[in-house]
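S.K.: Sequential numbering of the sequence shown, starting at 100, is according to the working numbering.
Source of the hints: derived by calculation from the structure; they are not laboratory data. Quantities reported herein were computed from a predicted structural model and do not represent experimental measurements. Ideal placement from N, C-alpha and C gives every residue a C-beta, glycine not left out. No false leads were mixed into what you were given.
Computed beta-carbon distance windows for the label pairs: (1) R334 x L295: 22 to 28 Å; (2) A124 x N233: 15 to 21 Å; (3) W214 x G380: 42 to 48 Å; (4) M312 x T338: 35 to 41 Å.
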Amino acid sequence: MFFSVVIPTYNRLPILRKCLGALEAQDLSPAPEVRGYEVVVVDDGSSDNTVAHLQQSAHAYPHLRLLQQDHGGAAMARNRGVEACQGDVVVFIDSDLVVVKGFLAAHARGLQDHWRRHRSRLCFTYGAVINTSNFDRPMGEPLKLTDLSWAYFATGNVAIDRQLLVRSGLFDTNFRQYGWEDLELGERLRQLGVVLVPCPKATGYHWHPPFHMQQVPALIRQEQERARMALVFYRKHPTLRVRMIIQFTWFHRILWDLLTIGGLVNARTLHPLLAVLVRRGRPGWALELLRLPLNRICVQTIFAEARRQRRHPSQAS
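Throw the hints in and build the complete structure from the sequences for me.
M.R.: Encoded structure:
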């Protein structure tokens, strides 16, 4: 077994350095079946110093292979990485994930156990992702209830047989904005009978900066993008299951209207409370509270965009 860790990145050099450092520190001794690994970083047109740093620091990252492309999004970058990689197993993580030293060994054991028991490679391992805002000590963060995810094939931390991945058709590059390209691929994998194998010991710490009030406009734009990409997902898989995943139902529309009192609870009206929470060192609480109006924005945008596309089908993105 040879691993190819594929990492798309865009303007994230500080945390990418921690990500790569953790991958260089991997202990493969618990998994003798692993004969080695490479780390394939696909720079998606970064405008910071990412490329220059990686080129100048090649001695610090002996497993690294650097690919470059014009800014085309994560789906295109991951496809580029898969097409160029040398491994028979592909691991997807994001460039803001810092993994434990037994990360690859845990994925290897999970895959091998399932392959042996079922005599089939129709599976992927799904590692634990713990969210943290602690840049200096990301691994000091405990597992929280909000870290649990029910997503199928979220590419923040998965390992899968490369031939199976190619057979599925890789990522759809029509997902040019934020969100859903990994879960859409997951729907195609599910149709092939691919099984999710939990792999909690393959732990990664997902770093993101602490929430601050200046992030609010960007978060709103992100939800609007996510809504538009949700419809790309639904057009490919027009099922009730996908409608529930993307929240394209009247149940979700009514739910978020109720929880935000018809939109009275919004980013503007919450601003004073959010600011107090941030000042008192509770940015996580502030962000969770802000998710109420953000979810409503996403659901409203999905319905509005669906109406627009019905009126003007030629303009569907």
